[in-house]
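Peer 1: This is what each chain is made of:
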Amino acid sequence: MSKKYHVTTTVNGDGYEYLCEAQQTLLDVLRDELQLAGTKEGCATGDCGACTVMVDGTMVCACLVLAVETDGAKVDTIEGMAQGDKLHPLQQKFLELNGSQCGICTPGILIAARALLARNPDPTETEIRYWLAGNLCRCTGYDKIIRSVQAAAKEMRGA
Amino acid sequence: MKLPPLEYACPTSLSEAVALLAAGGGEARALAGGQSLMPMLAFRVVAPALLVDLRKLPELREIEISADGVRLGAMVRWRDIEDDERLTAAHPLLKAAVAHVAHYQIRNRGTVGGSIAHADPAAEMPGIAVTCDAEIAATGAAGQRTIRAADFFLSALTTALKHDEIITEIRLPAWPAKRRWGFREFARRRGDFAMAAAALFYDQDAAGKAINAHVGMIGVGDRPCRLPEVEALLNGRTIDEATIERAAEITSATVDAQEDIHASAAYRRSLAGTMVERALRSAAA
Ligand SMILES: Cc1cc2nc3c(=O)[nH]c(=O)nc-3n(C[C@H](O)[C@H](O)[C@H](O)COP(=O)(O)OP(=O)(O)OC[C@H]3O[C@@H](n4cnc5c(N)ncnc54)[C@H](O)[C@@H]3O)c2cc1C
Ligand code: FES
Ligand code: FES
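Protein chains in written order, with the working numbering: chain A, 4 to 162; chain B, 111 to 395.
It is worth saying that the hints were derived from the structure and are not from the lab. Glycine is no exception: its CB is placed at the ideal position from the N, C-alpha and C atoms. Be a bit skeptical, because a hint or two may be false.
Claimed, not checked - Simulated coverage check for chain A against chain B, where a stretch passes if three residues somewhere in it have a Cβ under 8 Å from a Cβ of chain B: (1) 5 to 11; (2) 25 to 33; (3) 48 to 58; (4) 61 to 71; (5) 130 to 143.
Said to hold, decoys possible - List of simulated lysine-lysine pairs, DSBU-like, C-alpha gap at most 30 Å: (6) A:7 with B:112; (7) A:89 with A:77; (8) B:112 with A:6.
Unchecked claim - Some chain B residues well away from chain A (every beta-carbon gap over 10 Å; in silico): (9) 123; (10) 129; (11) 134; (12) 135; (13) 230; (14) 250; (15) 260; (16) 372; (17) 379; (18) 388.
Isolated chain A, as found in the complex (with noise of 0.2 Å):
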């Protein structure tokens, strides 16, 4: 029997405890433990960004993360953007212009977009760009990706 770490969280709003062990990343533990699968893994190793959710409200990969760092740590993943049915504007665009085709990399482009926004809310295209380096994605070729935060970004300033 491995030792088990008490973690103290809140999870996208909703206080949560659990025992998990040292080597669990907090990925591990949002997917298989808390059931929030809709943070992805592509990779493992901090290189694909599809794992991207916000600890204490900044992005990082949650494959490269413990669960055990996040003891008292606020974390929000793709489950807490959509308020009930309503889709945050980010979802609505990249819905309508195709920013998303497998979803495999969507919900960590999407948090890292809405990170992008919080910070810089009428960001250039080369700012969208390397801002979301960190993100890769196999099918849209990355344009309509750019195009949705855009459009979600001018929609948000009430544009």
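Given the coordinates of chain A, assemble chain B with the ligands onto it according to the supplied hints.
Peer 2: Below, chain B with the ligands without anything else, positioned relative to chain A:
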């Protein structure tokens, strides 16, 4: 991918952290940002029995700027350097180099101490430490010591650090306001590790000739290094087009280049010359 089984400790004092590493006898490792250690665990490159998390040691998180220079606590993250406006004047070379480290997710967690301890030959921070004659402060079971960057990096992923030592800070000497500097990096995508990068600076005497030239190379050999032949060329000269071209030639002729999956040694030597040329041109502009 799943990580190998391990245990975890999160000490709240440096002495406790050192004691845990010492008791682990090489089976315990410090955990900083985890942005190199976690992939290494995933690939089973390392399989320590215990990780000692440094996140509850706030004294390692400070950036201090004084007349002596810049002191970066080991747990300062790339993001902290990017966000610190003071560093634009206090150490523009550091700021420019760190802008090339990884992408945002990684930048939010990766630390300067972790990068120095990890000693990837293509990483920017070790290169800046060597170029700028930085000092690395470490605390271990035997007490505190200071290691010159020139003596710290032994080869790829190998340093002078002992298994029970924790890097506490990196000290960069003061940066004169009029110093000329340049940083140029080539990577296939922005944020990737450097295939070659040049970090350099010089001061100028009353006649405008270069003095105190420091020319550093990243991602070319098995560790960051300076190029003494190029520095000797620059010192005492006006940095004009002819000198810049000569510097590029000497770089390609003298630099110790490695071959790997990304590039041949010949390509790297050539690229190194081009990086020095471009960095010098921007320094002289
Ligand atoms: C996709 C990706 C791209 C990247 N691109 C780049 C890049 O372009 N340039 C670049 O420089 N880096 C890059 N990195 C690496 C990143 O910058 C790492 O964060 C950094 O090299 C290690 O810092 P860390 O804080 O994450 O250390 P950790 O991963 O926590 O630790 C790394 C090693 O250092 C030891 N260690 C950590 N802190 C200390 C300390 N204070 N004292 C003693 N030992 C310590 C650990 O035991 C471990 O052996 C990339 C990483 C990823 C995943
Ligand atoms: S799964 Fe985390 S970055 Fe790819
Ligand atoms: S939609 Fe398939 S990877 Fe991006």
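Peer 1: All hints, please: hold or fail.
Peer 2: Hint check:
1. 5 to 11: holds (count 3)
2. 25 to 33: Result for this restraint: holds, n = 5.
3. 48 to 58: It holds: at least three residues are needed, and the region 48 to 58 of chain A offers 4 whose Cβ sits within less than 8 Å of chain B.
4. 61 to 71: Held - the region 61 to 71 of chain A has 9 residues with a Cβ nearer than 8 Å to chain B, which meets the minimum of three.
5. 130 to 143: Coverage by chain B holds for the region 130 to 143 of chain A (4 residues, Cβ < 8 Å).
6. A:7 with B:112: Holds, at about 16 Å.
7. A:89 with A:77: 23 Å, holds
8. B:112 with A:6: This hinted pair holds, its Cα atoms lying about 17 Å apart.
9. 123: 18 Å, holds
10. 129: 19 Å, holds
11. 134: 14 Å, holds
12. 135: 19 Å, holds
13. 230: 13 Å, holds
14. 250: Non-interface label stands for residue 250 of chain B: nearest chain A Cβ at 24 Å, farther than 10 Å.
15. 260: Fine: 30 Å to the nearest Cβ keeps residue 260 of chain B off the interface.
16. 372: 15 Å, holds
17. 379: It holds; residue 379 of chain B is separated from chain A by about 28 Å at its closest Cβ, greater than 10 Å.
18. 388: Per Cβ check, residue 388 of chain B is outside 10 Å of chain A; nearest 20 Å; holds.
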